[in-house]
Amino acid sequence: TAAVALGILEYGVAWNASTPLLVMPIIGAAVLVALLLQRRQYGRADRDEAAGWRLADEVRPLRPAVARLPLVRLMRWATATVIIVGLVLIPILLRTDQIIKATAVAVFAVIGLSLVVLSGWAGQISLGQMAFVAIGAAVSAKCTITWNVDITLALVAGGVAGAVAAFVVGLPALRLRGLYLAVTTLVFALAVNSWFLNRQFFDWVPQQRVERLPLFGRIDISTPTRFYVFTLVVLALLFVALRGVRHSRTGRAIVALRENELAAQAFSVSPVPVKLTAFTLSGAVAGVAGGLFVHLSQSFDLTSYAAQESLDVFTAAVVGGLGSLFGGVLGAVFLRGSQWFITSPEWRLLSSAIGVLIVLLIIPGGLASLVIKIRDRLVTLILGRNPAPPIEPTPTEPTPTEPTVAGPSDVEFTVEHSDDAEDRTTV
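In terms of the working numbering, the sequence shown opens at residue 1 and continues consecutively.
Note that these hints are calculated values from the structure, not bench results. Treat the hints with care, since some could be wrong.
[Claimed, not checked] Simulated DEER-style distance windows between Cβ atoms: (1) ARG377 <-> ARG218: 23 to 29 Å; (2) SER344 <-> ARG95: 14 to 20 Å; (3) PRO271 <-> THR96: 45 to 51 Å; (4) THR96 <-> LEU262: 31 to 37 Å; (5) ALA67 <-> PRO345: 29 to 35 Å; (6) THR146 <-> SER222: 49 to 55 Å; (7) ARG95 <-> PRO214: 21 to 27 Å.
The beta-carbon is built from N, C-alpha and C at its ideal position, and this holds for glycine as well.
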């Protein structure tokens, strides 16, 4: 019935509207209103879903005592050194067009971080993440073209715009969950792409060339190599900042709501501000990614932010592993890197739908979980034992027992009779 009604609405709008571009926004508004107005009686199945549903398992950190061991620290420093050396060699060994593609991979890694916050930490499925990226890109490009602001301020403006848009989209999340919310975000992405950021309806949408102005008015970032370095710095700063958020009270509250919303409310965690915080933070990171992308391409092309791209970035994040920030980066490197840098037809299968299914069947937790297993295996070989055994409860001091005081029922007394017999009675 709903499909028939949507079909009738689609043809009615297409016949009567002045442009077919209005079809998707009107259908999207109708779907959103229908989802918000429906009455759902949440039963035990919904409570069980709220108590146990998640998109990915959390990455288990090493115990502090193990992480401080010299050999383990050496292994971590060696891994970090290899990664840094590889990133430094990219602009040296690759051509100019390949450097631009490598920069785009870093931008998609930032988008992956935003999905980890929303779908990994908060457990909210978002199939319209590229809509926040597009809004951030449009605002950032407008700031650069119209006011010639520094790129850092343009990125901040894009992040604020993405945060506001995500906050608005997050309002239905207070009533919707699971696939209902996924449909809402996808409809929003379609509406943004066909109407909100369409130059036929809004003349403020930028269409001029977006120049890469000097950073802080002094540092030139106009070349592909310099902008590649700048993008890596932004990615690293966002990674460190989000890692701090994850270990803060806000991050723990977001994860607690994902694990068990009812139990979190019992511990004075309010779902409304926490969910909106997750949406806002995710939208801000996505908006910054949009600012980076529009300055990389130096133009605002709406086709780069199509709804299909939202599905692709969500798939990349799932393949990488939504349980950790590293998984968001790894998914972008795997999916986009294999598409753009692998020329062999056999290996390009990894970036196809079949390759994604194979990876998820073999490694359900994503590539990040595989990396964690390799880490644990190496640490086990170094130490000869399990690097992260279950945490045992901390022994507590024995509670001193109070001296027992006899009550009235424990008093024994003796009554003597005249016949010298003793009658012992306990009261």
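The hints, checked one at a time:
1. ARG377 <-> ARG218: 23 to 29 Å: Between ARG377 and ARG218, where Cβ atoms are some 47 Å apart, the hint is violated.
2. SER344 <-> ARG95: 14 to 20 Å: With a Cβ separation near 18 Å, SER344 and ARG95 satisfy 14 to 20 Å, so the hint holds.
3. PRO271 <-> THR96: 45 to 51 Å: holds, 49 Å
4. THR96 <-> LEU262: 31 to 37 Å: Since the Cβ atoms of THR96 and LEU262 sit about 55 Å apart, the hinted range of 31 to 37 Å is violated.
5. ALA67 <-> PRO345: 29 to 35 Å: This hint is violated: roughly 43 Å between Cβ atoms.
6. THR146 <-> SER222: 49 to 55 Å: Violated, at about 19 Å.
7. ARG95 <-> PRO214: 21 to 27 Å: holds, 25 Å
Checked against the numbered hints given earlier, the structure breaks hints 1, 4, 5, 6 and satisfies all the rest.
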